[in-house]
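For the protein sequence lines, the chains are P and E, in the order given.
Position one of the first sequence corresponds to residue -12 (the numbering used here), numbered consecutively onward.
Position one of the second sequence corresponds to residue -12 (the numbering used here), numbered consecutively onward.
Calculated from the structure, these hints are not laboratory results.
Please note that a few of the clues may not be correct.
No copy labels: a pair is met if it fits in one copy or bridges any two.
Unchecked claim - Pairs of lysine to aspartate or glutamate, EDC-like flavour, derived with a Cα cap of 20 Å:
no., residue 1, residue 2
1, Lys37, Glu(-10)
2, Lys1, Glu11
3, Lys56, Glu22
4, Lys30, Glu11
5, Lys56, Glu25
6, Lys56, Glu6
Number of protein chains: 2
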Amino acid sequence: MVELPRAPVYRIMKRAGAERVSEEAVDAMIEYLEEVIEDLTLKAIKAAEKAGRKTVRRDDVEFIVDILKG
Amino acid sequence: MVELPRAPVYRIMKRAGAERVSEEAVDAMIEYLEEVIEDLTLKAIKAAEKAGRKTVRRDDVEFIVDILKG
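All chains should be modelled from the sequences, with the hints used to inform the complete structure.
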């Protein structure tokens, strides 16, 4: 079971240029996105802890995204 | 403006172990997820076209995710 809603993910995929997108393709995308959220959150928690905080803030998420994008 | 809803993203971030997460951190996460959807969709469209299809299917998305994960 995926947790993110299908409709907005489908809309973004269509807007990106996909002529047709199967329902299962949307589910596969969501499964990957949920993995990305978990992975990025674990890293953002470490960034917050390194700064002596327990609250994950925008700058923690952006810091990790910048590193991952290289 | 972000398109994905905040509540499920927040829930997944909390479940990943974040003690506290700012609203802005959730927005930063969503902004990144929307970039990921676009980028992955563009690549999945190419995978579908390579297979002579106009429909993006689960296997196209999974093929690209596998490649990106190395």
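Legend entry - Earlier hints that do not hold, by number: Hints 1 and 6 are the ones this structure does not satisfy, whereas the remaining hints hold.
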